[in-house]
Each structure stands twice: as C-alpha cells, then as structure tokens.
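**Q** Each chain is listed here by its residues.
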Amino acid sequence: MIGRDLLGIEDFDRADLERILETAAHMQEVGLREVKRVPTLRGRTIINLFFESSTRTRTSFEIAGKRLSADVINFSAESSSLSKSESILDTARTLDAMAPDAVIVRHKVAGVPKRIADALDAPVINAGDGAHEHPTQALLDLFTVLQEKGRIDGLTVAIVGDITHSRVARSNIYGFTKLGADVRVAGPPTLLPPAVESLGVKAFTSLREAIEGADVVMALRIQSERLQGAYVPSVREYSAMWGLDRAKLRYAREDAIVMHPGPINRGVEIAHDLADRRPSVILEQVRNGVAVRMAVLYLLAGRAQAGQEGAR
Amino acid sequence: MSRVWIAGGRVLDPASGIDRVADVVIEDGRIGAVGSGVEVSGAEKVDATGCWVTPGFVDLHAHLREPGQEYKEDIASGGRSAVAGGFTLVCCMANTQPVNDDPAVTDYILDRARNDSPARVLPIAAATKGLEGKIMTEMAALQRAGAVAFSDDGHTIMDGAVMRRVLEYARMIGAPVSVHAEDRHLVGQGVVNEGPASTRLGLPGNPAAAETVLVARDLLLAELTGAHLHVGHVSTAGAVDLIRAARERGVHVTAEVTPHHLALTEDATLGYDTNTKMAPPLRSKADVEACRRALAEGVIDAIATDHAPHAPHEKDVEFTAAPPGVLGFETAYAVVMDLVRAGEISPIELVARLSTGPARVFRQPYGSLAKGAVADVAILDPDREWLYDPLKGYSKSHNSPWAGGTLRGRPVVTLVGGRIVYDVERGVVAP
Numbered sequence: 001m002i003g004r005d006l007l008g009i010e011d012f013d014r015a016d017l018e019r020i021l022e023t024a025a026h027m028q029e030v031g032l033r034e035v036k037r038v039p040t041l042r043g044r045t046i047i048n049l050f051f052e053s054s055t056r057t058r059t060s061f062e063i064a065g066k067r068l069s070a071d072v073i074n075f076s077a078e079s080s081s082l083s084k085s086e087s088i089l090d091t092a093r094t095l096d097a098m099a100p101d102a103v104i105v106r107h108k109v110a111g112v113p114k115r116i117a118d119a120l121d122a123p124v125i126n127a128g129d130g131a132h133e134h135p136t137q138a139l140l141d142l143f144t145v146l147q148e149k150g151r152i153d154g155l156t157v158a159i160v161g162d163i164t165h166s167r168v169a170r171s172n173i174y175g176f177t178k179l180g181a182d183v184r185v186a187g188p189p190t191l192l193p194p195a196v197e198s199l200g201v202k203a204f205t206s207l208r209e210a211i212e213g214a215d216v217v218m219a220l221r222i223q224s225e226r227l228q229g230a231y232v233p234s235v236r237e238y239s240a241m242w243g244l245d246r247a248k249l250r251y252a253r254e255d256a257i258v259m260h261p262g263p264i265n266r267g268v269e270i271a272h273d274l275a276d277r278r279p280s281v282i283l284e285q286v287r288n289g290v291a292v293r294m295a296v297l298y299l300l301a302g303r304a305q306a307g308q309e310g311a312r
Numbered sequence: 001m002s003r004v005w006i007a008g009g010r011v012l013d014p015a016s017g018i019d020r021v022a023d024v025v026i027e028d029g030r031i032g033a034v035g036s037g038v039e040v041s042g043a044e045k046v047d048a049t050g051c052w053v054t055p056g057f058v059d060l061h062a063h064l065r066e067p068g069q070e071y072k073e074d075i076a077s078g079g080r081s082a083v084a085g086g087f088t089l090v091c092c093m094a095n096t097q098p099v100n101d102d103p104a105v106t107d108y109i110l111d112r113a114r115n116d117s118p119a120r121v122l123p124i125a126a127a128t129k130g131l132e133g134k135i136m137t138e139m140a141a142l143q144r145a146g147a148v149a150f151s152d153d154g155h156t157i158m159d160g161a162v163m164r165r166v167l168e169y170a171r172m173i174g175a176p177v178s179v180h181a182e183d184r185h186l187v188g189q190g191v192v193n194e195g196p197a198s199t200r201l202g203l204p205g206n207p208a209a210a211e212t213v214l215v216a217r218d219l220l221l222a223e224l225t226g227a228h229l230h231v232g233h234v235s236t237a238g239a240v241d242l243i244r245a246a247r248e249r250g251v252h253v254t255a256e257v258t259p260h261h262l263a264l265t266e267d268a269t270l271g272y273d274t275n276t277k278m279a280p281p282l283r284s285k286a287d288v289e290a291c292r293r294a295l296a297e298g299v300i301d302a303i304a305t306d307h308a309p310h311a312p313h314e315k316d317v318e319f320t321a322a323p324p325g326v327l328g329f330e331t332a333y334a335v336v337m338d339l340v341r342a343g344e345i346s347p348i349e350l351v352a353r354l355s356t357g358p359a360r361v362f363r364q365p366y367g368s369l370a371k372g373a374v375a376d377v378a379i380l381d382p383d384r385e386w387l388y389d390p391l392k393g394y395s396k397s398h399n400s401p402w403a404g405g406t407l408r409g410r411p412v413v414t415l416v417g418g419r420i421v422y423d424v425e426r427g428v429v430a431p
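Chains F and L, in that order, are what the protein sequence lines are.
Under my numbering, the residue at position 193 of the first sequence is numbered 193, and the numbers go up by one with no gaps.
Under my numbering, the residue at position 129 of the second sequence is numbered 129, and the numbers go up by one with no gaps.
Bear in mind the hints are in silico, worked out from the structure with no lab data behind them.
Where is the CB? At the ideal position from N, CA and C, for every residue including glycine.
Some hints could be false.
[As the list claims (entries may be wrong)] Stretch-level coverage of chain F by chain L, calculated; a stretch enters the list once three of its residues show a Cβ under 8 Å from a Cβ in chain L:
id, segment
1, 60 to 68
2, 110 to 117
3, 128 to 139
4, 194 to 204
[What the hints assert, rightly or not] Which residues of chain L face chain F? A few of them, derived with a C-beta cut under 10 Å, are:
id, residue
5, Ser-36
6, Val-38
7, Pro-196
8, Tyr-272
Chain F on its own, in the form it takes in the complex:
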C-alpha cells in the first residue's frame, strides 16, 4: 500500500511498484504530445528542497511537476537561510507552513528525508539521501528495464562499482529483488558494504564473475576522492579492473543492456564509446525519469487535496 511519503523502495511491496510503473507508462504518453502538459495538478504547489545540489534530478522533478501543471518552487541550500545555520527541521517546518502539496528532499546525509517527513504534514519524496536510497532513480531504472526487456522477473542484474556509498545501488537492490530479478553486486572489497548479502543479493569481487550471463549491467558513478588511495589505489587501477568496456561486456549475455545513473565519468567506470551507443540505455533512463517522477507526483501530491490522505 503506497503511503503518504516516498522515502525508500524498501518500504514498498511488489504491487506498489507495479502500480507506479503502470502509472508511469501513462505519463510517458504525455511527453510524446506536441503540448506536453496536462491539468492534473493545477493549483498544487510542489517544493524542490535540495540541500545538496543536483541539477539533473532537480530539473527532472521540475519538468515532471510542470507537465502536470503544478507550481514548482526550487529551494536550494546555496540561496537559503541555511548559511545562517538554521536547522534542517526548522527550514522544513517553515516551508510546510506555506502549505505545499509535496516536498521533494535531497540531502547528503542518510535519513534526513525521513526526519523531515516525520515533522511535516505534506507528503515527502526522497530525491536521494546520502548512501541510503534514491527511490525515483530505482523506479526509472525498473521502468527502463521493463521497456527494454518486457519483464523483470527472472532477469539477472549486475550492479558494479562503489556499492558502499551508493544510494542508487540500495534502491535498485530493493526494487529489482522485489520484482523477481536476481541481483548481483560487484566491486573492490573496500567498496562493498558490510553484510551486503543480507539485502538478498550475491556479492562478487570479480567483474567477470559478476556479469557472467547478466541481462542488465549497471555501472555506478565513483567519486574521484574515493580513487585517491583510501579505498582504491588509483584511477588507473580502478578503470582497468572495474571500468566497463565492450571487451569486458562479452561475459554478459549477448543482448545485455548497460545502464548508468549519471553523471558519468567517461573512461573511469564506463568507456567512452560504450556510454554513447547501444547497448547503453543511459539517455533512455534520463527520459524515463520524467515519466516516473510524474507518476510519483500524481500518486502522492495528487491525493492530498482529493481528501484521501494516505496512511501515515
């Protein structure tokens, strides 16, 4: 049962995910029209509350809201009172007092959207919190795979790279396993989270073994500060062992697709020519992000005013 907030894929069951993905399919159709706008959320106010800058995700939510005719307000840390050391919850409560219909939160620390959701009346959508979850990214990845493969049940999905610090990995692990895929994670042991197999995945420290027979290979962005010796000796060693290219991709299934949540580090986690062409579907992911976020906004922001608030 989809609740009031969207904080993480961990909270959802299979039926919830299927409902969102079905709704997204309808929303995708709006993006194909000449006039890409429907009046569904006219008069509703959506706040993009980004404590961590992310032009891509913020823009995607903004476009999604505008295509549904909502008023979308962007509130970013750089231009706010946060520099005056106002607490996060005070900032959130202040915005809540202006009666938004949904608040989209991004923060570099895990758990902040949950704390804000506990304090607010408005539904809260997590747009990424630390290394915890990035649920709309996982939804758009599920949507993309569904579109490419026609199913998720029974597929083998390999997620490669810095799993420890990745909210995308966690959300995708929950999403793909809940929809019946077999999920593998792979990376140097310094970047695999402790007890990761408790999340229902199999962990590998060999790229070849991890992608053997995979239908989907997902490379994660690795942050440059993690490649300077603390976790991995060097960029060169990382890209040699873990960077995806066409030669390494041979071990996956012939029809495997390659995904990446972006922004990509060309030549580090993914080779230049692989990133730009099939079987890479990176731009499809971005495109689908708008449809998925429209679906989420419709399901959460749309219902507050209809007087049928979800279970709190």
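We have chain F already, so just place chain L on it with the hints.
**A** Same frame as chain F, now just chain L:
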C-alpha cells in the same frame, strides 16, 4: 538522634549476601540494624512492602556538563536526576569546559555538589592535559583534591606510549584509569554499528573491531604496568572475551556496561532516531547477549549509565551531525530489570552490579547495608509500570531512546546519608 525505619521490604545487600524480607533502621545517617520485629520508636517510617531495599546505586560514568555546558545539565539537575533513578553516588567525567585537568576544577565540582546536589558526586579527572592525549595531568594533586579515577573518556588516548605512562603513573598513586576504548582510525566516520543495519541505513559503520583492538592494547599495557585498568561501556563480544581472559591471567582489570548496550541492538537505529546514536554504537544481538552473560558472570563488575545529556537542538539534526549519547539515570533500573525478568541474573547479583560492584571498582566506602555503613539506600518497586516522559524528569535534557515508553520497575525512595532525598510521590525533596 534522627531515625528512619524502612519497614517490610525485601532487603538485598550483596555485601553481606542478605536477601530476605526485613526492616532496616537508620540512625544518624548510618545503618543501625537489619532484622525483623525490631523495636523502633520516634522514627520516620517508610513502608517498603513489595519493594526492594538495596544499597544506593553507584554510577562510575556520567556527564554532568558543569562547568561549561550548563544548558545541557548541571550538577544540581544531574544530581536530582540521579537520585530519582536510585543513584546515590555519581562519578562524573572530565570533559567539561574547562576540562577537569586542574585541581581548581575538581574543587569547583565538589563544592557545587556539596551545596546543590542531592546525590554524592565524585569527579573523574582527565588523564592528560586538555584531553589531548599528550601530557599527563598532575594526577597526585588531582587525587588529593578528590578525583577518584582518571580518564580521557571519549578523547581516547591513541598514542600507546602516552597510555603506558598514564597507567604507570596512576599505579604509583593507586588510582584506576578508566578508558573509552575505541580506535579512532577504525571508527573513522562511523556513527552506527558496522553490519546489516549500517548497510540498510546507508550510514557510515563503526566496526566492533574498533573497540576490541583498543581493549586488547590497553589490557596488554595494564599487564605490562600492573596498573588498574577500568574498561568503560563494554559493547562487544570480542572485548568481553579479552577481558575475561585477562582476568584469568591476573591482570588488574574491571569493566562496566551501560543499560542501553544491555537492552538495545543496532536495529534500534533503523528509524534514524538520533536518540539511538551512542559511542560506542548499539551493537549486534550477539554482542548484546555476550555483554548480558558477562554481567551475570561478574566478568563485568558494574552497570554504568554513561548519562550524556544533550540539548534538543543538538539532537534534532542530521544523524551524522548529532552528538552521541543518551540520558541514563532515571531509566537505568527499569531497563536492566529486564535481565532479572528474563531469568538471566538474580536480583541480588543485579543489585551488586549497580551498587557494591561499582563501589569496589573505585574503592569507595558505599554499596553496603551492613551495620555502621553510610546509609545510602534505594527503595525500588520492581513491578511498578510507569510512562517515561523526559519532560517530567529531572535532567535539563530529554535525549532518551525510551522517551514515551512504558517502563517496568521504578525507584520509589532514595536516601543519601540517612536522609530521604527522593520520593516518587513528592519528587526530589532535598537539598
């Protein structure tokens, strides 16, 4: 002559092994007699029917925040909170502002305690100047001023050579050295136990090995120097095993565990409640079970609260930014009573870990109901259910993972030096 007659309670005195229903008579601040059918005239009578009558609790590890952080707690509020939890003696850590690394600060704390705290307060002084882990404090002078032990607590001494000299010097003056044993480098940015919970939460993990590694070092240094090492807030099965083995080969080591490390696992952190953020962090189920067993066996001598008040605005922030620590005094008894209810420890052993055991660790003349002993007494209702609301408690802060919960077991009367200082119906009544 002032007299108090505590009638009809179950007297539990670990020092003498007494566990039976009896009356306790207090005369002029000292235990007069324990027995039944004693003749008492002109005494203030306290009906203890259905209650435990025990030595007052002794806390080897608390933060009273004064001087310097009185917005979190002060010696008066902390002392009131202590007696409301059955504690009659509290040993307070040195991380005040200024740090208690100078006899003047020790004097100040003792002076404030004498005037304003219903509980006895004895300071633990810093082992190194400014808690910087470099230069030893004037331990002998601090001891003369009234410091009962030495500790840099959370500012763990990472330099093994400094730690060795601190232990050697403390041995000379016969003082225990209490340690917060966590390797700072292994802790890293960790804020929750490293394991399934940290992975699910996406928060940096603090591995159990961070504690075990440093407990191992400190045990070896205690063995080398012959000093008395006291291991603060043990939280891991590995540390328990090392302490047990060290004791067996004759190392002078004592240990404490907190109520929260006995009662809660890392799963409590899953909702990102900053009132579940502790240092060391809440650990795995196996670690909790090992600590509970070690407490019952006596490998761990004492239950210490690590009472750590923090103001709401300090806890109401991102999990990574919140200071670690929780309140301890008022909930301790109810929380550890779970071990008795689960049949893991006998009532008298539990009382020993709360009173006689810790008093012995710091060599204090308390924790006994023997005739002539100082009449620091706790009267406890083991079955009383109550709703814990920190706003109605005595601490200035409210950071507790048990806030809003129903607890079972509650101190009902506390006496310090034969004087009733707390009564559950009337509240703190003195000073």
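**Q** None of the hints should be skipped; say for each whether it holds.
**A** Verification of the supplied hints:
1. Coverage of the segment 60 to 68 of chain F by chain L is violated. Counting CB-CB distances below 8 Å, 0 residues qualify, and the rule asks for three or more.
2. Given as covered by chain L, the segment 110 to 117 of chain F passes the check, having 5 residues with a CB less than 8 Å from a CB of that chain where 3 are the minimum.
3. Using a Cβ-Cβ cut-off of 8 Å, 5 residues of the segment 128 to 139 of chain F lie near chain L, which meets the minimum of three, so the contact claim holds.
4. Proximity of the segment 194 to 204 of chain F to chain L, defined as three or more residues with a beta carbon under 8 Å from a beta carbon of that chain, is established by the 5 residues found.
5. With a cut of 10 Å, the hint placing L:Ser-36 at the interface with chain F is violated, because the nearest CB-to-CB distance is about 54 Å.
6. At about 56 Å, the closest approach between the beta carbon of L:Val-38 and any beta carbon in chain F exceeds 10 Å, and the interface hint on this residue is violated.
7. Interface restraint check: L:Pro-196 against chain F, minimum CB-CB distance 4 Å, threshold 10 Å, status holds.
8. With a least beta-carbon distance of about 3 Å to chain F, the hint placing L:Tyr-272 at the interface is held under the 10 Å criterion.
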